[in-house]
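Assemble chains B and C onto chain A, guided by the hints.
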Amino acid sequence: MQWETVIGLEIHAQLATNSKIFSAASTAYGAAPNTQACAVDLGLPGTLPVLNEQAVRHALMFGLAVGADIAPYSVFARKNYFYPDLPKGYQISQFDLPIVGLGKLDINVDGVTKTIGVTRAHLEEDAGKSLHEDYHGMTGVDLNRAGTPLLEIVSEPDMRSAAEAVAYVKMVHTLVQYLGICDGNMQEGSFRCDVNVSIRPMGQEAYGTRAEIKNLNSFRFIEKAIAHEVERQIDVIESGQSVVQETRLYDADKDETRSMRSKEEANDYRYFPDPDLLPVEISSALLEQMRDKLPELPAAKKQRFQQQYGLSDYDAEVLTAQRALADYYEDSVSRVANEEKLVANWVMGDLSAGLNREGLDITDCPVSAERLAGLVLRISDQTISGKIAKRVFELMWGSIDSADTIIDREGLKQISDSGELEKMIDQLMADNMSQVEQFREGKTKVMGFFVGQLMKQTQGKANPQELNKLLQAKLKK
Amino acid sequence: MSIRSEEVMKIAHLARLGIKDEQLSGYASELSNIMQLVEQMNQVDTTEIEPMAHPLDQSQRLRLDVVTENNQRESLQKNAPNVEDGLFLVPRVID
Amino acid sequence: MYNQSLKQLSTGLRNKAFSSVELSHYFLQRIKRFDGDLNSVITLNEEAALQSAAQADKSISMGEAGLLTGIPLLHKDIFCTEGLRTSCGSKMLDNFIAPYNATAVEKLAQAGAVMLGKTNMDEFAMGSSNETSFYGGVKNPWNLQTVPGGSSGGSAAAVAARLAPLASGTDTGGSIRQPAAFCGITGIKPTYGRVSRYGMIAFASSLDQGGAMAKSAEDAAIMLQSMSGFDEKDSTSVDRPVDDLLAHLDRPIKGLTIGLPKEFFSDDLDAGIAEKIEQAIDAIKSAGATIKEISLPNINLSVPAYYVVAPAECSANLSRFDGVRFGYRCEEPKDLEDLYKRSRGEGFGDEVKRRIMIGAYVLSAGYYDAYYKKAQQVRRLIQQDFARAFKDVDIIASATAPSVAFAAGEKKDDPVSMYLSDIFTIGVNLAGLPGMSVPCGFVDDKPVGLQLIGNYFEEARLLNVAHQYQQLTDWHLRVPAGYEQE
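Keeping their order, the protein sequence lines are chains A, B and C. Note that our numbering has the first sequence beginning at 1, numbered continuously upward. Note that our numbering has the second sequence beginning at 1, numbered continuously upward. Note that our numbering has the third sequence beginning at 1, numbered continuously upward.
Isolated chain A, as found in the complex (with noise of 0.2 angstroms):
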């Protein structure tokens, strides 16, 4: 039997706010337990919850980026359950009302574009942390995270493939960054991914039984997961038994998903309005003010990088993935003419492999865009080559120096003088008559050998064009 994957996701993003949704306690990571949970947050008697506007904001621009509809009226409702790093015995989300509705994304699998739908975006609470570290026995209870904002970015059930899947991801992840509402930081879990997959003969119409795998927190697990779980399934049909409805947990170190619940008891949520809040209104002059701060998005961005700089495909796709990294790319292209290609070549080679090398971030990047023009800029106008740029750029990337000042105090500039050429070409030529003559005879490959030796007498820094033309032209008379 043919088996078709069909898979949907939800990704939480947190947003990126100084303040938690519903109070006003930090929402920064890694403070000490408890220390950034105030009343509100511990759910003491008598607080109540008082809604971030900018929370509201980025929910907006996540909903204008995907061309979603925006509720001009969306409702918070408790989701009831216990649990200890959910403080006041309910989470306050969305439900039948959310702000943000249909919408949906392009994604790029293997030069084929596909459209994935965007079911549905709502605000909700972040819950607490529970600690499994031995307390006596007993488990710790972290609320620093209780109340941080969070977007549920709910999927159409479109995607047929893991690579599908990721794709998807890549690309919410890159759009929440691109916007600015979430710093998809996924070690910290400010972005994370629940996927419901399924499967069903291929050609058949109603969908399959599906499991929710949790806890997926990096591109390749995802992958890995929904390999996994696929496999699961088809050998469960296969076997004549039932996939069940359940939520399972990827379990990395295994590389194999588990069920969750160990007794099977369904969940009743008990959905209704929160009493606490009232009704968001979006105002269409909010709305078009949001439009107006909405960046440049990565499709249209990776458009205009081929249009505008003449990249590739794959180069727009490399260099729009982060907009850092754009920014990055047009600030330094701006101060170079004419070096599209070499400016990206450099951004996509040597620079994010010392980024990648050192696990720094485009924006803490040691050489700036500024400094990295200044370098292309002079292998542009051959003061040096491409291969002193190198050294060049290892000099750059440890201290604060531009590269004409390294470049200058190396003594690295290139040999471009043909007088000062001619002359090592001819001493050259006069100390090693035979394989003069063994050109001459034709035997052309001798060329590398005074390519070579001339090289090593100026440790590179003769320019190749100029002394190849000196060469042929002295080498054949």
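No wet-lab data here; the hints were simulated from the structure. Just so you know, these numbers come straight off a predicted model, no measurement behind them. Note that beta-carbon positions come from the ideal geometry of N, C-alpha and C, so glycine has one too. Please note that the accuracy of each hint is not assured.
What follows is a set of in silico ranges between Cβ atoms, one per label pair, in the way DEER data are often shown [stated by the list, open to error]: (1) A/E358 <-> B/S59: 47 to 53 angstroms; (2) B/D85 <-> A/Q187: 21 to 27 angstroms; (3) A/G137 <-> B/S75: 26 to 32 angstroms; (4) A/S259 <-> C/E337: 17 to 23 angstroms.
Which residues of chain B face chain C? A few of them, derived with a C-beta cut under 10 angstroms, are [as the list claims (entries may be wrong)]: (5) Q23; (6) I34; (7) E39; (8) N42; (9) L56; (10) V67; (11) N71.
Chains B and C only, in chain A's frame:
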């Protein structure tokens, strides 16, 4: 609408209320009486009537995104039954 | 002294006839002397009260005094008070000391009022007789065999016995007005959103509203003036200036139209009470108001709708009491579920558990539309009834309660009959309107309350009518036998 003892057990569990077995039938009959009172609502047709969640026809006010609550852990944990290293302790949670 | 109006007390303080320390001491002594039987005050704040009284005396000397400076009062134990236990009448919070003040408490403290202590109440404000309190029932000073009403029964009994000139209350379905009626005092629940709910432990968030309980409309006006106003910490607080309540008291009521809902004057109403209400209406009429019969056709559904909305909201509001961060925790929980179930099972009383279960039931899968949504639709109909009525009348009048204070224990084991004792008051909460109760006579030596209902934000008008009525009558000045000694 009458509520049976099994339903009392179910909702008591949903609400995490410890109820002794011998109390179940008492609660069942009290809750049934209350639900009978509630059922009187069915005397009136409410199709097309907009549900009313709030007395006042107002919309949510938005708060500026400013941090004004600083660390008050010590005073906020004074009422906590079991705390260690700033954490609230509960019986072991198994995921 | 105990029966002096707030203005008289304030003048006495300013004229140095007595100091706030002396006045506070005087009422603290009355509490000690009389409250043994009543059980209306569950926490005394003696030392801190005398300190803030001394502070008030300083302000008065410096000429910075307002009408409330140095005036003693009591707070219902539902209002969080920093550093002083806030139990909400429950074992669950028997050990809870809030690290903050409720906004209403804070505002009254800023106005210079001196908090003498906290008053008894039905557990989490769920009750109409004050018998559900973890601290035992409160007795009605007019007749110790009867209940004071609830849930603000402690505040009502304390003011009736003149243990304090003022007390705060909260009203979710009649919890200020019904005990005010049973105890022969004046109580006002303002428009929903007028008094901040911050720090007021929630029972049913869309219905709860804090208010004032006092001897007279004038005293209640002064207190309410201070408690009211916008609070940015409460999303449901209304950002709108508070009328000058005192300034409106003396306006003539000539030309006002008073509506009498026929549904509230049916044969079910006790004949003795009906007679007192008619007399009160006659008095108001004699001051120049016109009387008009109106109809609130859906008002009979207010109790059924209320017993869906209020339990639904409370079932979620009370989930935070889980034995983890504050409040009661059971001994030796064997696992997490045991911690939850026993802490809540042991920490909450029967009535609270009943309402939580009703709430969980009506919200549970498959029942939402039939109960919760239906109740919200009925709520809309009731609001529309009132809106229609207020097109024709300025004030609606009725009895506050269908009976006078009933005997302790009489309805304790019959929740439904207890619920029905709020039949005249609940609709006001569903609509969010302001309402008050004013003493208007006695039946079998037990006080009768006249309920006045106003349109949204018409507190000034309500208090004006009540005050004018109190210029013509002296029911509000009566003091129960045994409490008249200085």
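Tested hints:
1. Taking 47 to 53 angstroms as the suggested C-beta distance range, the pair A/E358 and B/S59 conforms, at roughly 49 angstroms.
2. Restraint check, B/D85 to A/Q187: a C-beta distance of roughly 23 angstroms satisfies the suggested window 21 to 27 angstroms.
3. With their beta carbons about 28 angstroms apart, A/G137 and B/S75 fall inside the hinted range of 26 to 32 angstroms.
4. Evaluation of the 17 to 23 angstroms hint for A/S259 and C/E337 yields a pass: the beta carbon distance comes to about 19 angstroms.
5. The criterion of a C-beta within 10 angstroms of any C-beta in chain C is met by B/Q23, whose closest approach is roughly 9 angstroms, and the hint holds.
6. Residue-level restraint check for B/I34 holds (minimum Cβ-Cβ distance to chain C is 6 angstroms; threshold 10 angstroms).
7. Restraint check, B/E39 versus chain C: the minimum CB separation of about 7 angstroms is within 10 angstroms; hint holds.
8. Interface hint status for B/N42: upheld, as the beta-carbon distance to the closest one in chain C is roughly 8 angstroms, under 10 angstroms.
9. Satisfaction of the interface hint for B/L56 is found here, the shortest Cβ-Cβ separation to chain C being roughly 6 angstroms, below the 10 angstroms cut-off.
10. Hint status for B/V67 relative to chain C: violated, with the closest Cβ pair at about 15 angstroms, above 10 angstroms.
11. Below 10 angstroms, beta-carbon pairs count as interface contacts, and B/N71 has none with chain C, the closest being about 13 angstroms; its hint is therefore violated.
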